[in-house]
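Note that the protein sequences, when read in sequence, are chains P and L. If you count the first sequence from 1, position 283 lands on 283 in my numbering, and the numbers rise without skipping. If you count the second sequence from 1, position 244 lands on 544 in my numbering, and the numbers rise without skipping.
These are computed hints drawn from the structure, not numbers from a lab. Note that the coordinates shown come from a computational prediction; the quantities given were computed from them, not determined experimentally. Treat the hints with care, since some could be wrong.
Here chain P is said to cover these stretches of chain L; the calculated rule only asks that three of the stretch's residues, wherever they fall, bring their Cβ under 8 Å from a Cβ of chain P [unchecked claim]:
1. 311–324
2. 390–401
Derived DSS-like pairs: lysine-lysine, alpha-carbon spacing no greater than 27 Å straight-line [to be verified]:
3. L:Lys390 to P:Lys75
4. P:Lys75 to L:Lys302
5. L:Lys302 to L:Lys573
6. L:Lys390 to P:Lys109
7. P:Lys103 to L:Lys473
8. P:Lys107 to P:Lys128
9. P:Lys204 to P:Lys285
10. L:Lys390 to P:Lys123
11. L:Lys390 to L:Lys402
12. P:Lys107 to L:Lys390
13. L:Lys573 to P:Lys68
14. L:Lys390 to P:Lys13
15. P:Lys13 to L:Lys473
16. L:Lys402 to P:Lys68
17. P:Lys75 to L:Lys402
18. P:Lys68 to L:Lys302
19. P:Lys128 to L:Lys346
20. P:Lys103 to L:Lys573
Glycine included, C-beta positions come from ideal geometry on N, C-alpha and C.
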Amino acid sequence: MSTILTVTDLTKKFGHLTAVNSLSFSINKGNVYGILGPNGSGKSTTLGMILNVVNPSSGTFSWFDGAKNTHQALKRVGAIIERPNFYPYMTAAQNLRLVCRIKEVPKSKIEEKLELVDLLDRKNDTFKTYSLGMKQRLAIASALLNDPEILILDEPTNGLDPQGIAQVRGIIQKIAAQGATILLASHLLDEVEKVCSHVLVLQKGKRIYFGKVTALTTDHGYFELNATDLNALQKVLESHQDIEKIEVYNTHILAYPSKSMTATELSKSLSEQGIIITHFAQKHKSLEEQFLSLTKNQQP
Amino acid sequence: MKRLFLIEFDKLRTNRSSRILIGAYFILLTSIALIAAIKFDIGPIKFHLAEQGIFNFPYVWHFNAFIGAWFKIFLAVVIVSMTANEYSNKTIKQNLIDGLSKREFLHSKWIMIFAFAGISTLFIFVVSLILGLMYSNYTELGIIFSDFEYLLAYFLKLVAFFGFCLFLGTVIKRSAFALGFLGVWQMFEGICYGLLKWKSPSWIDADQVFRLFPLNAMSNLVPEPFTRLSAVRNLAEQVGEVMQTNSAVRFWNIVIVVLWSYIFYLLTYRLLKRRDL
Numbered sequence: 001m002s003t004i005l006t007v008t009d010l011t012k013k014f015g016h017l018t019a020v021n022s023l024s025f026s027i028n029k030g031n032v033y034g035i036l037g038p039n040g041s042g043k044s045t046t047l048g049m050i051l052n053v054v055n056p057s058s059g060t061f062s063w064f065d066g067a068k069n070t071h072q073a074l075k076r077v078g079a080i081i082e083r084p085n086f087y088p089y090m091t092a093a094q095n096l097r098l099v100c101r102i103k104e105v106p107k108s109k110i111e112e113k114l115e116l117v118d119l120l121d122r123k124n125d126t127f128k129t130y131s132l133g134m135k136q137r138l139a140i141a142s143a144l145l146n147d148p149e150i151l152i153l154d155e156p157t158n159g160l161d162p163q164g165i166a167q168v169r170g171i172i173q174k175i176a177a178q179g180a181t182i183l184l185a186s187h188l189l190d191e192v193e194k195v196c197s198h199v200l201v202l203q204k205g206k207r208i209y210f211g212k213v214t215a216l217t218t219d220h221g222y223f224e225l226n227a228t229d230l231n232a233l234q235k236v237l238e239s240h241q242d243i244e245k246i247e248v249y250n251t252h253i254l255a256y257p258s259k260s261m262t263a264t265e266l267s268k269s270l271s272e273q274g275i276i277i278t279h280f281a282q283k284h285k286s287l288e289e290q291f292l293s294l295t296k297n298q299q300p
Numbered sequence: 301m302k303r304l305f306l307i308e309f310d311k312l313r314t315n316r317s318s319r320i321l322i323g324a325y326f327i328l329l330t331s332i333a334l335i336a337a338i339k340f341d342i343g344p345i346k347f348h349l350a351e352q353g354i355f356n357f358p359y360v361w362h363f364n365a366f367i368g369a370w371f372k373i374f375l376a377v378v379i380v381s382m383t384a385n386e387y388s389n390k391t392i393k394q395n396l397i398d399g400l401s402k403r404e405f406l407h408s409k410w411i412m413i414f415a416f417a418g419i420s421t422l423f424i425f426v427v428s429l430i431l432g433l434m435y436s437n438y439t440e441l442g443i444i445f446s447d448f449e450y451l452l453a454y455f456l457k458l459v460a461f462f463g464f465c466l467f468l469g470t471v472i473k474r475s476a477f478a479l480g481f482l483g484v485w486q487m488f489e490g491i492c493y494g495l496l497k498w499k500s501p502s503w504i505d506a507d508q509v510f511r512l513f514p515l516n517a518m519s520n521l522v523p524e525p526f527t528r529l530s531a532v533r534n535l536a537e538q539v540g541e542v543m544q545t546n547s548a549v550r551f552w553n554i555v556i557v558v559l560w561s562y563i564f565y566l567l568t569y570r571l572l573k574r575r576d577l
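Full structure from sequences and hints, please.
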């Protein structure tokens, strides 16, 4: 697996404030990475540094194993930071043409990418006439112009209405499904949970977790159950050898297995005991709960 | 180089205010030719400005280089506002993220400065040549193609001035304030000169120090041409005034202005490099 980005001990100080503190991680081709952290945890500063707009105080980073200098490497990257920044007086097509010139890619891609984000019919309107959702979609089209080896998105759904959020997410999921490498910074956990395979959790500029999203969810999930005879169900579950704990939650029973167990296994063994199940759901602790417990542990 | 030129050209071409200002600038440069139309014909007094020798070769190079420089403020506004807009629209940030280096960004602006200065010089050359051929009393090739140092001086003066504007636009990031500061700086130079004259110790020659100031150095580069005009000199002699003319392009003024251009370039680069966006 080839390395796209390696970050080593990256630090950024603004006066006495340390926005990013000795951060290290690496990004491999083909994975979708999320950067999670509350507001002000250093997500944008980190992205700013690797994208050549913020000067690091110390530490290094290298793109594509250091094969090229940063600005050359960025021509192979697609990135959107915070708000879409374009020339307000230029049309969408003119703005993208300028990006093509900067990235040195053929202009033939413009129509294709505008089509992808559903802006083709507005391509000759000036950027200033666009709604925020359209601006954000244009930014995505612009980031995709060079068919980037990695797509970097910083809060891509920030400030959008529900429809805009759904559109932007749909586009991201489509790109992720094509096997692209993506780095997505967000404070919206479900957003990260939906698309990311790996996650970097930041707090106060420090890395508190980096690895697979699934590894972050260390437990085996739990089952949410209900049956015609609730007492019988409870008894059977209590005597089940692989269930370590049960909880009654509202009208449901929550059963925590001690090892990984499929839904089929459990429902089979329950029906063998003559339990008629009326509700059955296998659940995992959400990333949000994981994240909250993780950041809580780090509090001084 | 071509890529950087096209990037900046695209930004200018699509901006309506820039197009209008640049258009107005070149129309005004051409309007120097209208001076030729100044004619008084009041009974016995017949006065035709074009016949007074202002369009004689090689004097016309000097005269037009001096007059043409008055209009440079139009392009200065374009440069300052294009630079400041890169900051207020945050497009400079996007340019860098898209893969333009800070040096490339600066070079694309400087290419535009050279292009503006170069095209203006070419324009002045053509306008002067036509006016000269129409009105000059001397049209020998040797005379036509003399005194070209005024065109060179005009070119360098524009480059330095635009370089100063680019620097101010980058420092201040707001076009109106940057232009305001340009005016303040002009006054500052004047006040400094006054103070130097008035208070400086005798071993300091105020005039020599003043020569080093950027805006003053630029204006010294193409000295005023009027006292060189024979009509003016005759008039002065009639009232008993002996005119001291100092209208040559001086080598040291060229050096000072070129140095300032380079200093502005370096300072702008340093600022771009250091500043977080």
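Checklist entry - Holds or violated: are the alpha carbons of lysine 390 of chain L and lysine 109 of chain P at most 27 Å from each other? => result Status holds; Cα separation ~24 Å.
Checklist entry - Is the hinted pair lysine 573 of chain L and lysine 68 of chain P satisfied, with a Cα-Cα distance of at most 27 Å? => result holds (19 Å)
Next on the checklist: Please check whether the segment 390–401 of chain L has three or more residues whose CB lies within less than 8 Å of a CB on chain P.
Outcome noted: holds (count 11)
Next on the checklist: Hinted pair, alpha-carbon criterion (27 Å max): lysine 107 of chain P, lysine 390 of chain L. Please report holds or violated.
Outcome noted: Within the cut-off at roughly 23 Å; holds.
Item to check | Pairwise hint evaluation, lysine 402 of chain L against lysine 75 of chain P, where the allowed Cα distance is 27 Å at most | outcome: holds (14 Å)
Checklist entry - lysine 103 of chain P and lysine 473 of chain L: Cα distance at most 27 Å? => result The given pair, whose Cα atoms are some 25 Å apart, holds under the 27 Å limit.
Checklist entry - Are lysine 13 of chain P and lysine 473 of chain L close enough, with their CA atoms no more than 27 Å apart? => result Distance of about 24 Å is within 27 Å: holds.
Next on the checklist: Hint check: lysine 128 of chain P vs lysine 346 of chain L, CA-CA at most 27 Å. Holds or violated?
Outcome noted: Distance of about 58 Å is beyond 27 Å: violated.
Next on the checklist: What's the verdict on lysine 204 of chain P and lysine 285 of chain P, does the C-alpha distance respect the 27 Å limit or exceed it?
Outcome noted: OK: lysine 204 of chain P and lysine 285 of chain P at ~24 Å, within 27 Å.
Item to check | Proposed proximity, lysine 573 of chain L with lysine 103 of chain P (alpha carbon, max 27 Å) | outcome: holds (20 Å)
Checklist entry - Does lysine 75 of chain P pair with lysine 302 of chain L here, judged by a C-alpha cut-off of 27 Å? => result holds (18 Å)
Item to check | Given pair status - lysine 68 of chain P, lysine 402 of chain L, alpha carbons within 27 Å | outcome: Satisfied, since the Cα-Cα distance of roughly 16 Å is no more than 27 Å.
Against the hints set out earlier in the document, a violation occurs for number 19 only.
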